[in-house]
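Chain residues, written in single-letter form:
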Amino acid sequence: MPDAARQSAPRILDAADAIREGTAQAMRADERVFVMGEGATDPKGVFGTTTGLVQEFGTDRVMEMPVAENGWTGVAIGAALCGQRPILVHQRVEFSLLAMEQLVNNAAKIHYVSGGRHRAPLVVRLVVGRGWGQGPAHSQSLEALFAHIPGLKVAMPSSAADAKGLLLGAVQDDGPVILIEHRWVHYARGHVDPEPIAMPLDGPRQLRSGDDCTVVSTSYMTLEALQAADALAAAGCNVDLFDLRVLRPLKLDAIVASVRRTGRLVTVDTGHATYGIGAEIVARVTAEAFSSLRAAPQRIGLPEHPTPSARTLAEAYYPRSPKIVATIGDVVGMPKAAIDEIVHRLAAERDAVPLDIPHPSFKGPF
Amino acid sequence: MPDAARQSAPRILDAADAIREGTAQAMRADERVFVMGEGATDPKGVFGTTTGLVQEFGTDRVMEMPVAENGWTGVAIGAALCGQRPILVHQRVEFSLLAMEQLVNNAAKIHYVSGGRHRAPLVVRLVVGRGWGQGPAHSQSLEALFAHIPGLKVAMPSSAADAKGLLLGAVQDDGPVILIEHRWVHYARGHVDPEPIAMPLDGPRQLRSGDDCTVVSTSYMTLEALQAADALAAAGCNVDLFDLRVLRPLKLDAIVASVRRTGRLVTVDTGHATYGIGAEIVARVTAEAFSSLRAAPQRIGLPEHPTPSARTLAEAYYPRSPKIVATIGDVVGMPKAAIDEIVHRLAAERDAVPLDIPHPSFKGPF
Amino acid sequence: MTDTTTTTLSVVTDEPTRLELFRSMLRIRRIEEEIARRYGEQRMRCPVHLSVGQEAAAVGTCSALRPTDQIVSTHRCHGHYLAKGGDLRAMIAELYGKATGCCGGRGGSMHLFDPAAGVLASVPIVGSNVPIGVGAALTAKQRRRPDVAVAFFGDGAFEEGVVHEAANFAGCHRLPMIFVLENNLYSVYTPVDQRQPARAGEQPMAGFAQTHGLAAEHADGNDVVAVHEAMGRAVVRARRGDGPSLLVVDTYRFLEHCGASDDDHLGYRPVGELATWRDRCPVAGTRAALRDAGLLDVATELAMESAIVREIDEAFAAADAAPYPAAHTAMEAVHA
Amino acid sequence: MTDTTTTTLSVVTDEPTRLELFRSMLRIRRIEEEIARRYGEQRMRCPVHLSVGQEAAAVGTCSALRPTDQIVSTHRCHGHYLAKGGDLRAMIAELYGKATGCCGGRGGSMHLFDPAAGVLASVPIVGSNVPIGVGAALTAKQRRRPDVAVAFFGDGAFEEGVVHEAANFAGCHRLPMIFVLENNLYSVYTPVDQRQPARAGEQPMAGFAQTHGLAAEHADGNDVVAVHEAMGRAVVRARRGDGPSLLVVDTYRFLEHCGASDDDHLGYRPVGELATWRDRCPVAGTRAALRDAGLLDVATELAMESAIVREIDEAFAAADAAPYPAAHTAMEAVHA
Ligand SMILES: Cc1ncc(C[n+]2csc(CCOP(=O)(O)OP(=O)(O)O)c2C)c(N)n1
Ligand SMILES: Cc1ncc(C[n+]2csc(CCOP(=O)(O)OP(=O)(O)O)c2C)c(N)n1
Ligand SMILES: [Mg+2]
Ligand SMILES: [Mg+2]
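Residue numbers (this note's numbering), protein chains in the order written: chain A, 1 to 366; chain B, 1 to 366; chain C, 1 to 336; chain D, 1 to 336.
Be aware that one or more of the hints could be misleading.
In silico EDC-like pairs for lysine to aspartate or glutamate, Cα to Cα no more than 16 Å straight-line [what the hints assert, rightly or not]: (1) A:44 - C:262; (2) C:141 - B:31; (3) A:323 - A:341.
The set of hints was computed from the structure by calculation and includes no laboratory data. A quick note: this is a predicted structure, and the numbers were derived from the prediction, not measured.
Input sequences plus hints: build the corresponding full structure.
This is the structure:
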């Protein structure tokens, strides 16, 4: 197929498939790349992201793990120091809490402490759970914990293309990269380049343009923010929307430049608001674009309590596009009636589908 | 001794002694209180904070622990659920990384998830190491990780009185409290009430008053900030200095009120700046006092790399009072020459004592 | 110095107890079957990990305990909770996310607890419950209570370091603690031989017991009386101050790992393995044994069944009728 | 199925090797004595954990390895690093925080490594190095290299769950891995009996080996030849694909846990215990044995000593003369 033709026929995948494709391509290209995970070789293949890999690459390169997260994270670090390039996957962020010591003390620091001699090329994939009442220990979006640690890189894709591209970028990186995949982003569909093109881990992507407000979102909340931005645009309010993508190292130049123009900032991320991702964005942008700010920057994040299981409680827990609209509308000084109109319309659309599942095809338990 | 006489003769202790005294008093008052730690009963008694306790209370209540942090944290949580009130101590923050799963998933959430039925009254004391080249895995000040977790309370004392009072407050609390003690704060001396008076875990303490700038500091950096504030005051620049004390739940009313008056904010904490404690303070204060702000809020924290061992590298790593003076001076618009004069004087004073030890009496290895 | 071989302590199971063991297993089976039947309605909107096939482990162990003895369970906690006397209505309501659930709807199926019954907590993170159980045993020792604590865990959890840490702690302090390892041969879809080395010997887990100073018991998880008696010995030792035990129960999960269906079609288990274990079903086997011994006649069993069905129907009806927790309560009880 | 008892594999130690074992121990002893002597100058401004008294464990094991075999060590890493062939100058410079240190001054005494010698890493967090060693063994298997990996750990580290996790992993995958447990009876100032249950039997750690599919070896840590031969057997098994081993070495720390002085005055060890172990000093004992066997005359030993002293003096002089890392470099090499 000639290049032009290939480009003209976009290939639509969901992010889970894109991750699997990227993993397979990275493994074909470099025999040092291998996968470790609880369930990596099982019939469900970590939400479909590793399905089929063991058939192609064998159990030496797609390794089933014991339920021993700290141990096999250390094993991965040792292998990485010896030149291998492991990809680790945990089916929930929470399971990696057991491996914090290895990640924070060893993986993050060994390059630095060795004066740059050691390299720990490690990709750690963590999945954020959501929905179907899975409760407080299977739903945390703890990127702020990792993003605080010098020596780690931390990225969160929000699209199928980024899910593949950032994974490939992470595999190429010579240090440890934490890739946080929101479970609902696995369902995100879009054009994915069939070639294995690594995306550099170098900052946000602008998704919408406008002069009224700068909006910075992460991961799944980018999808909610897009919905909000489009609804607002229809009402004549245009925002610069940036998907943050890479939380550490944090490149904010484009966002600062945007705020210098818009004078306004709203952040929307998947974690708890307090001491969360939005706080850093607000603090840094405020320091750098203070004189341009025309309104107080606002943050949207999870409230300060664990995830409740019951639907009626989870409903209030997860902010959605109507809330984003309301916040932006407020920051830009839209008339209350205009805000309310959009909020009600979006809320009605959203209420038509169950709030605890990502997709109509989804039927519990996870 | 009559009460008046007692009050007129302040009793000077260092924070390590104050902690030991508070612990003993809590144990005398309530037989459910007990201590667990690696070295809790050994001759050095966790930097002197547990010395002598085992002699008074026996090994059933002052328990030596195996080197198994996650395990004994879980044991403590189980005991707390059964009505006991354990005080856990880790000689370095880093060791508690092994216990993150227990702390974040169980301790922080069990009250919430049980609809308020379970209680996990737990005090977890973590010591931040510093100095004597102890390197990157014995020196981290990771309060931001804990402060991000709903369900935990997090406090950091900066004085002997607070070290005792906050400990007693934490012991009285019916939920899990993380108390982060900077190793150099253990040397802080001051008046400590001989009575066991629990301080509520309820927010900052104002240490200096002034209209020129609001300064918020944590833990050991409060001591550096005090030095900076006093040097500035001598030059006619007066700041409101708040020791944050309690990081979660975060009460910022007094600080917001102060910024409404001063129009300026500088934060100084012991952790890495990016995604750190200062970011939340800046973000929240900016949201609440935006229209009063006359300059961009500034943060002082650790740079974005691990702690190097060599003195020459650690020197640049830890911010000190001269840097605080320079930052505040800048924010309030002091003339450069005036700033420089104070900075040089403070720097000269500080350079006269070694930078990698807290106190002239200190002679390695820790 | 701990003797890690099974002591010759003899515990015998009388006839009423054997009947009660059966009834308790049958009740758990029927409750989980009803959950499975209704799960497709999508009104229990939380993950469920059913223990159909593993009832003898839950019942054999918990029947040897008192209400003041504490158990800690896992993601697969229904059986333990019920066997220990946990309130059925509070459990079903919790699965429905109702305010009347044991967690007020906040936890779902993996967080069952019941203080009145001595179900201290269930924890969805693998292995994470085990040290919590040891904390209960420590409390019993510190507070001089005559209670025993029990931690249930699976062959997957056995791989978690924290389980070793917890066992070492219990062994070191000779706590009144019993570690019940339910070996159902799988962690999710991964067989144990892909996750652990092969171990020789009659008592493959004796090394773990020896390492951590535990006495070792082992029982066929399809023989509820054997489980009950092995547990009984461990309880006697614990209660009289002879320290902790490990009890290994060989068992098998009939239904899917998570959810309410069968998952044998996924092909992760050898063909015929499930059938072999189903043939040794603990409920059917116990029924047959009781019949053979003349302890269970059809009328008695029918009466049992109908009482159980009535109780189940009532629990589901109550759950159905109960209110959901109000949205505004979500912010409450973050701090104690 | 792994045989967890020591195989009868015979490894013999010839005379030149025995002499070299002695020289290597003597060298480590002299190096650490010199560190201790100079530590009071406060120019090595980092914690040091000396291994005086434990030299036979380091030398007996590392002498059975090749440069391409990888070891991972702990906070107490000097002996392992030196025994494996780590560069002395880079070590002393690191203790002085100099740019010429193996970590460029960034790590200090607890982070020693030397790729040329197969010292993969030293890790100051207890137990944390052990799975990293298993990662090296996994790499050898995956990349089909004939190398062996070794993790050193102490009796304290034995309590960390991650050590069990790492051992299970190595056993499950039958990796070319050797776990060397140096039991010096203390974790900091806490004796092992306050932290672990008592274990019966001739081979108290056999249960750990059995649990995790390791072959078990045991050696007197004051007998360098015994350590060398036990390690030799483990290495042979690992290299020929027979899987991992545990080697337990009984040993004792003569000086304080951290720092360069004696700490017996703190009273945490029974009176006389240190003296008993000092009487069995591995360096003195080996010297005596070699003398008795006529393998070491005074002239040879003097020549050894003076070569060692010269090397040490040069290393300290070089460290002294070396530059400190420049402050502005502190921000470099955060990301690879
Ligand atoms: C720390 C952790 N890792 C992984 C998981 C995902 N997980 C849930 S159940 C399960 C299987 C555990 O197997 P086992 O302990 O044998 O219990 P079983 O499901 O067989 O009853 C796993 C791996 C988890 N909940 N917690
Ligand atoms: C996870 C962790 N917990 C605690 C410590 C503090 N610590 C440093 S050395 C040490 C003793 C470890 O004992 P052992 O493993 O026997 O080694 P030894 O010092 O006897 O050589 C401890 C507890 C640590 N470094 N890491
Ligand atoms: Mg299982
Ligand atoms: Mg030791």
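Hint by hint, here is what the structure shows:
no. : hint          : in the structure
1   : A:44 - C:262  : holds (14 Å)
2   : C:141 - B:31  : holds (13 Å)
3   : A:323 - A:341 : holds (12 Å)
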